[in-house]
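**Student:** Below, each chain spelled out in residue letters.
2 protein chains.
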Amino acid sequence: MFEVTLVGTGGMMPLKDRHLSSMICRFKTKNILFDCGEGTQISLQKIGWGFKSIDVICITHFHADHVSGLPGLLHAINHSGREEELIIAGPVGLKKIVESLLIIARGLSFPIKYLEIESEENSITIGELTIKSLLLEHRVPCLAYKIETHRQGKFDIELAKALNIPKQFYSELQKGNEIIHEEKRYTPNMVLGTPRKGFKIVFCTDTRPIEEIVQFAEYADLFICEGIYADDDKLEKAKEYKHMLFSEAAHLAKKANVKELWLTHYSPSLSNPEDFIENARDIFENSHTGFDGKSTVLKYEKT
Amino acid sequence: MFEVTLVGTGGMMPLKDRHLSSMICRFKTKNILFDCGEGTQISLQKIGWGFKSIDVICITHFHADHVSGLPGLLHAINHSGREEELIIAGPVGLKKIVESLLIIARGLSFPIKYLEIESEENSITIGELTIKSLLLEHRVPCLAYKIETHRQGKFDIELAKALNIPKQFYSELQKGNEIIHEEKRYTPNMVLGTPRKGFKIVFCTDTRPIEEIVQFAEYADLFICEGIYADDDKLEKAKEYKHMLFSEAAHLAKKANVKELWLTHYSPSLSNPEDFIENARDIFENSHTGFDGKSTVLKYEKT
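Chains A and B are the protein sequences, given in the same order.
Under numbering that gives the first Met the number 0, think of the first position of the first sequence as 0, with each following residue one higher.
Under numbering that gives the first Met the number 0, think of the first position of the second sequence as 0, with each following residue one higher.
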């Protein structure tokens with residue numbers, strides 16, 4: 000199962016009841032955090048997630064509302080006694096920005112590995128997860144991220160029996176591990192079918208609704224996308240600041256054939272996004288407003 | 000009247016219900032913020048204070064929990080449309096640190112004036128307030144701050160009458176302004192007695208309980224002081240990390256003859272400081288635990 004939780008859903012400025020836009024997900028033992036604006040360490044505590052075991056932090060871009068919580072979070076992770084390497088990924092310039100912020104959090108007990116994503120060809124593999132990115136259209140270089148899980152083919156028990164593979168190895172072969180036993184070699188491809196559809200989750204903020212997002216988010220199980228303004232009459236403002244409207248996010252969701260859309264990164268002036276959800280649902284029915292702490296658990300379909 | 004509010008009372012790491020140690024005060028139209036850890040802009044919203052009109056931000060030192068909220072707060076102030084200069088004061092190195100943090104909040108619409116406090120002789124005068132500082136004993140250079148108000152002498156109405164000063168000028172003279180009317184000159188010292196005792200508030204964190212604090216805080220109306228650990232059995236830890244215990248803060252309060260002590264900057268491990276208040280009260284009776292949002296309004300004594 001794949002757990003996704005919105006840590007915060009505010010854009011530009013945190014409000015007392017709406018922290019800055021951030022998302023965390025967990026798959027098996029791996030924890031990936033997306034964006035880290037001011038207060039993210041507080042929001043993580045509020046939603047009951049620890050931060051000691053975060054494996055990767057993916058930063059979309061270097062505006063304060065997406066990155067200013069890094070020194071505090073790294074300081075808190077340090078305080079938890081972590082020693083293992085932490086990966087931080089982001090657009091080119093990442094190392095300089097983070098090291099500049101770390102002027103107030105020196106002497107961390109764990110190493111940081113910086114991954115500056117120069118092209119969309121770069122991807123991050125962590126456990127059974129792959130993280131890919133897409134260059135968006137914002138006022139500064141900004142990346143959308145897509146997390147995909149690899150799901151192996153179905154275990155063919157009849158085939159395993161026919162091949163006289165001892166039962167005690169079924170589980171390891173199912174996990175993808177090779178077995179050598181009594182000079183015989185059993186490999187997963189002997190008993191596993193073609194890979195099945197894994198999970199696909201996209202985190203997409205801040206940007207204008209460019210066409211490339213459609214392909215990037217195609218058939219995603221969950222498309223988390225900014226909707227800074229609810230009303231279409233804010234289109235000019237959205238264009239000026241390179242953001243998007245509820246309706247624009249919904250159009251992307253529809254074109255990309257995603258299963259579900261969660262809106263996030265609201266303007267501080269938008270007090271109650273839920274009042275405007277129809278602006279998205281009229282276009283893409285399975286649209287939902289994100290809120291701090293909104294969470295879901297995705298499960299593989301039985302195939 | 001002089002309004003003092005604790006914005007946050009946590010040390011090292013914010014908790015979901017306890018933001019990082021910070022204090023704000025207002026006297027007439029002037030607003031002074033002391034420290035600005037991560038989330039200060041959220042805590043200020045929670046306690047109902049705006050941040051557009053902050054005149055001075057005094058930073059005690061450059062550990063993350065005291066300064067990491069600056070980029071976000073300045074970004075939010077910027078968003079409010081401020082154009083007036085903002086003063087930021089702190090230990091030597093301030094400009095370099097703040098500019099390093101501002102890598103993620105470029106293009107502010109208002110100028111910043113940096114005051115690097117090189118010696119305790121430096122003081123800041125803002126309106127009728129004077130802010131003085133004291134070098135503390137922490138792991139890095141760290142300053143306590145003392146805010147004092149200037150209170151003029153009492154207006155001697157009988158004397159004003161005897162000097163035939165027209166009644167319409169009483170108010171201006173009382174405010175300390177000189178009047179020239181029909182070729183006559185009326186000065187405040189003609190009708191005001193010797194200056195009266197103003198307010199004195201001290202904000203003192205992070206430090207060992209050095210003797211210099213006693214003199215610095217002498218007769219303060221309010222002594223806001225760190226008490227990172229409640230129990231005396233944490234003395235060695237307090238010494239190692241250069242902090243102080245409830246009892247040490249209380250000893251300082253007693254020796255300095257302050258009116259009232261508020262404890263703040265608690266360790267994240269100290270869940271309920273109030274359970275331990277007797278550790279301070281046994282030494283100095285008018286000791287109180289600070290909490291986020293604790294507030295008081297001081298009024299001049301009638302003299």
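If you are wondering where the hints come from, they were derived from the structure by calculation, not from laboratory data.
Possibly wrong hints are sitting among the right ones.
One copy or two, it doesn't matter: identical chains are merged, so the pair holds either way.
[Unchecked claim] No more than 20 Å apart at the CA atoms, straight line, and that leaves these computed lysine to any residue pairs for SDA-like:
# : residue 1 : residue 2
1 : K166      : N30
2 : K153      : F168
3 : K15       : G92
4 : K254      : E277
5 : K15       : F290
6 : K236      : S79
7 : K160      : L134
8 : K15       : S108
9 : K15       : H78
As the structure is a prediction and not an experimental result, all values here were calculated from the model.
**Student:** One pair to classify: K153 and F168, alpha carbons no more than 20 Å apart. Within, between, both, or neither?
**Tutor:** within (15 Å within a copy, 94 Å between copies)
**Student:** Should K15 paired with H78 be assigned to within, between, both, or neither, using CA atoms and 20 Å as the limit?
**Tutor:** between (26 Å within a copy, 16 Å between copies)
**Student:** When no copy is specified for K160 and L134, does a C-alpha distance of 20 Å or less occur within a copy, between copies, both, or neither?
**Tutor:** Neither. Shortest intra-copy (49 Å) and inter-copy (78 Å) distances fail the 20 Å Cα cut-off.
**Student:** Give the relationship of K15 and G92 under a CA distance limit of 20 Å: within one copy only, between copies only, both, or neither.
**Tutor:** neither (31 Å within a copy, 32 Å between copies)
**Student:** Treating 20 Å as the Cα threshold, decide for K236 and S79: within, between, both or neither.
**Tutor:** For K236 and S79, only the inter-copy Cα distance (17 Å) is at most 20 Å; the intra-copy one is 43 Å.
**Student:** Are the CA atoms of K166 and N30 at most 20 Å apart within a copy, between copies, both, or neither?
**Tutor:** Neither. Shortest intra-copy (33 Å) and inter-copy (74 Å) distances fail the 20 Å Cα cut-off.
**Student:** Classify it for me, K15 with F290: is the Cα-Cα distance of at most 20 Å met within a copy, between copies, both or neither?
**Tutor:** For K15 and F290, both the intra-copy (13 Å) and inter-copy (17 Å) Cα distances are at most 20 Å.
**Student:** Between the shortest in-copy and the shortest cross-copy C-alpha distance, which are at most 20 Å for K254 and E277: within, between, both, or neither?
**Tutor:** Within one copy, since 18 Å is at most 20 Å while 65 Å is not.
**Student:** Within, between, both or neither: how does the pair K15, S108 come out at a Cα-Cα threshold of 20 Å?
**Tutor:** Intra 32 Å, inter 24 Å, cutoff 20 Å: neither.
The structure does not agree with the numbered hints 1, 3, 7 and 8 stated previously, though it agrees with the rest.
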